[in-house]
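Enquirer: Sequence:
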Amino acid sequence: MEELLRTFMTQINSRFDQFESNVNSRFEKIDQQFEEVNNRFEKIDQQFAEVNNRFEKIDQQFEEVNNRFEKMDERFNHLEEDMNTRFEEVNNRFEKVDQQFEVVNGRFDRVDFRLDRLESDVRDIKQSVARLEQNQPQDIMAMLKRMDKKLDRKDDEYAALNKRVSILEADFIRLEKHIQV
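For the sequence shown, my numbering begins at 813 and goes up steadily by one.
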């Protein structure tokens, strides 16, 4: 019986050894698979790190683009303000020009009115002269002679006044000299 027990134990030991060997080989395969999975995870981690680096670069590029857009916005705002100021200046100038045109138009209206009146007066004078030339040539001559005489008298009066003014100027100069002394 001992022997049987020994054989039995040997068989059990052998089976147990076989089982242990199977289990160990399975664990080794599992360990290999875990090692492969770990390697894969490491590769995935590396790939994620690369992707993360790429995303960081993309974030930096987006930041640069965003900064550029902000600068462009500032430029556009400045340009917009400048253009608004210039448009206001241009509008003000146009308003002044419009006001000046209104003044000029008013002056032209007055000039037109004066020209119309002047043309009317010239027509009236021409008609009067034509009537006088036709109807009263002797009266005209008589009037011209009277006017000539009156002008001669006025010339004499102007000469006398000029003489008086010269005398007064001389008196004035003498008085100035006398006051200065």
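One should not assume that every hint holds.
[Stated by the list, open to error] Below 30 Å or equal to it, Euclidean Cα-Cα: the simulated DSSO-like pairs (lysine-lysine) are: (1) Lys855 with Lys869; (2) Lys869 with Lys841; (3) Lys975 with Lys989; (4) Lys855 with Lys883; (5) Lys966 with Lys989; (6) Lys962 with Lys975; (7) Lys908 with Lys938; (8) Lys938 with Lys975; (9) Lys961 with Lys975.
These are computed hints drawn from the structure, not numbers from a lab.
Enquirer: If a hint holds in the structure, say so; if it does not, say that too.
Expert: Hint by hint, here is what the structure shows:
For a cut-off of 30 Å, the pair hint linking lysine 855 to lysine 869 stands: about 21 Å separates their Cα positions. Between lysine 869 and lysine 841 the CA atoms are separated by roughly 41 Å; this puts the pair beyond 30 Å, and the hint is violated. For the hint linking lysine 975 to lysine 989, the alpha-carbon distance of about 21 Å falls within 30 Å, and the restraint holds. Proposed proximity of lysine 855 and lysine 883 is contradicted: the alpha carbons are some 41 Å apart, above 30 Å.
Proximity of lysine 966 to lysine 989 is assessed by CA-CA distance (about 34 Å); at most 30 Å being required, the pair is judged violated. Annotation: proposed proximity of lysine 962 to lysine 975 holds, straight-line Cα distance about 20 Å (limit 30 Å). Restraint check for lysine 908 and lysine 938: the C-alpha separation of about 44 Å exceeds 30 Å, so the hint is violated. For the hint pairing lysine 938 with lysine 975, the CA-to-CA distance comes to about 41 Å; that exceeds 30 Å, so the pair is violated.
Proposed proximity of lysine 961 and lysine 975 is supported: the alpha carbons are some 21 Å apart, at most 30 Å.
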